[in-house]
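Asks: Here is what each chain is made of, one letter per residue.
There are 2 protein chains.
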Amino acid sequence: MQFPVEDIDADELARREALFGPLADTVRELIDVTIRSEADEDTILEAAQRIRDVTKRLNDRRCEGGFGVRFTEHGHMMTWGNAVSGLRNAIAPPLVVEQAADGGMCSDFTLGAAYEGPPGLVHGGVCALVLDQVCGMAASTAKPNLTGTLSLRYRRPTPLGPVRARARIDRIEGVKTFVVGELYDADGNVTVSAEGVFILPAWARGR
Amino acid sequence: MQFPVEDIDADELARREALFGPLADTVRELIDVTIRSEADEDTILEAAQRIRDVTKRLNDRRCEGGFGVRFTEHGHMMTWGNAVSGLRNAIAPPLVVEQAADGGMCSDFTLGAAYEGPPGLVHGGVCALVLDQVCGMAASTAKPNLTGTLSLRYRRPTPLGPVRARARIDRIEGVKTFVVGELYDADGNVTVSAEGVFILPAWARGR
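In the order they appear, the protein sequences are chains A and B.
Residue numbers are given in this note's numbering: position 113 of the first sequence equals residue 113, and the series is strictly consecutive.
Residue numbers are given in this note's numbering: position 128 of the second sequence equals residue 128, and the series is strictly consecutive.
Bound-form chain A, shown alone (with noise of 0.2 Å):
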């Protein structure tokens, strides 16, 4: 597994943030009216067309495969493309996961039309995709770790609109890590458990 470093200070990990946070806030929006637009059909060719040309500009240059995960030489670490937390991934709503006051990880954040699965309420996969990340965080505060396994519980459906995300560490067994969490609702009610076991990668051990 690699993990490049690039040659940048803050200044230019600022502007990139600024720069690049941004276009995948406007690709966000895009996303949404995709879905729920009601426009006429020359409406949606012509957006369609002019995608296309802007997907065009912005390929002209590009990485090969994924964004993976980098660092800067200061060793701020930059997951811009990961799937629930990437400043540069339209997919990820994103998560900004901070530390809460009992040592384990949380998230609020707001789920849109393109996180639906029945209607009105959050995809049941969704709910494991968000928790995934913030259990996977709440376990790796110290070293990385993957996920073994994952086990979710729905207690109540999820409606589309604010949601929070928490997760700690429940014990340490070795390379093993348990962790707990759960999603809430905008009433704080409990939706989905989760209890977590991650694994510290061979790669990582006796670091």
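What the hints contain is simulated information worked out from the structure, not anything from laboratory work.
A portion of the hints provided could be inaccurate.
Intra- or inter-copy, both count: the list cannot distinguish identical chains.
[Unchecked claim] Listed below are the simulated EDC-like cross-link pairs for lysine to aspartate or glutamate, each with C-alpha atoms no more than 20 Å apart in a straight line: (1) K143 x E173; (2) K143 x E195; (3) K56 x E41; (4) K56 x D40; (5) K143 x D170; (6) K143 x E98; (7) K56 x D25; (8) K56 x E38; (9) K143 x E73; (10) K143 x D102; (11) K56 x E46; (12) K56 x E173; (13) K176 x E6.
Please read these numbers as outputs of a predicted model, since none were measured by experiment.
Given the coordinates of chain A, assemble chain B onto it according to the supplied hints.
Replies: Below, chain B without anything else, positioned relative to chain A:
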């Protein structure tokens, strides 16, 4: 839970599929290049402005809330906003899920840069996302079912690229349908296995 019926025939359904499907496909390509582009600052800024313009045009007329689940008068179900299989949802790869010879469900699809977690690998939560969908569809061939529990075991990393998901009913006990499923990499190895319990919702019982 509401399931609107749209007054459209097969021709109009086909027209809308042919209009909105390609629009979402162009947005999928834009998502990919938004992550991977190494274009210069002016190109990025101009791209963001053009996308905002397109979004504004598409936004002139739009539905309230999510797309939901709609039916045509002839009973065709439109889950076009679905986060995994939605024709109009650019977050969705989208999965086309088909009945397999064993009576279960099967889907072949490709996951690119937008679905990345660790470098070069599918995000563990994305594995859960697609397995929830395919397991849920295996559970719901006759009646609708919502996820009750979902347990995932990550057996090996899933590289970005072609992926297969399969799921089938293990047994049915009252309102609970027990489903098993797997994710496979391009070489046919099982990368993630899943066990799910899907629940027939109260509003669908007695139908």
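Asks: Since the copies are identical, ignore which copy is meant and state whether K143 and E73 lie within 20 Å (CA to CA) inside a copy, between copies, both or neither.
Replies: within (19 Å within a copy, 55 Å between copies)
Asks: Checking an output row: K56 and E41, CA cutoff 20 Å. Within, between, both or neither?
Replies: For K56 and E41, the Cα distance is within 20 Å only across copies (16 Å; inside one copy 23 Å).
Asks: Using 20 Å as the alpha-carbon threshold, which applies to K56 and E38: within, between, both, or neither?
Replies: between (26 Å within a copy, 12 Å between copies)
Asks: When no copy is named, should K56 and E46 be tagged within, between, both, or neither for a Cα gap of at most 20 Å?
Replies: both (15 Å within a copy, 13 Å between copies)
Asks: Measure nothing new, just compare the shortest in-copy and cross-copy C-alpha distances for K143 and D102 to 20 Å and report within, between, both or neither.
Replies: Classified as within; 19 Å inside a copy, 43 Å across copies.
Asks: As a check of your reading, is K56 near E173 (CA-CA no more than 20 Å) within one copy, between copies, both or neither?
Replies: neither (50 Å within a copy, 53 Å between copies)
Asks: As a check of your reading, is K143 near E173 (CA-CA no more than 20 Å) within one copy, between copies, both or neither?
Replies: Answer is within; shortest intra-copy Cα gap is 14 Å, inter-copy 42 Å.
Asks: Cα distance capped at 20 Å. Does K143 pair with E195 within a copy, between copies, both, or neither?
Replies: within (19 Å within a copy, 29 Å between copies)
Asks: Is it within a copy, between copies, both, or neither that the alpha carbon of K176 lies no farther than 20 Å from that of E6?
Replies: neither (31 Å within a copy, 51 Å between copies)
Asks: Check K143 against E98 for me: Cα-Cα at most 20 Å, and say if that holds within a copy, between copies, both or neither.
Replies: Only inside one copy: K143 and E98 sit 17 Å apart there, 40 Å across copies, limit 20 Å.
Asks: Have a look at K143 and D170 and pick one of within, between, both or neither, based on CA distance no larger than 20 Å.
Replies: For K143 and D170, the Cα distance is within 20 Å only inside one copy (16 Å; across copies 38 Å).
Asks: Please sort K56 with D25 into within, between, both or neither, judging by C-alpha distance up to 20 Å.
Replies: both (19 Å within a copy, 14 Å between copies)
Checked against the numbered hints above, the structure breaks hints 12, 13 and satisfies the rest.
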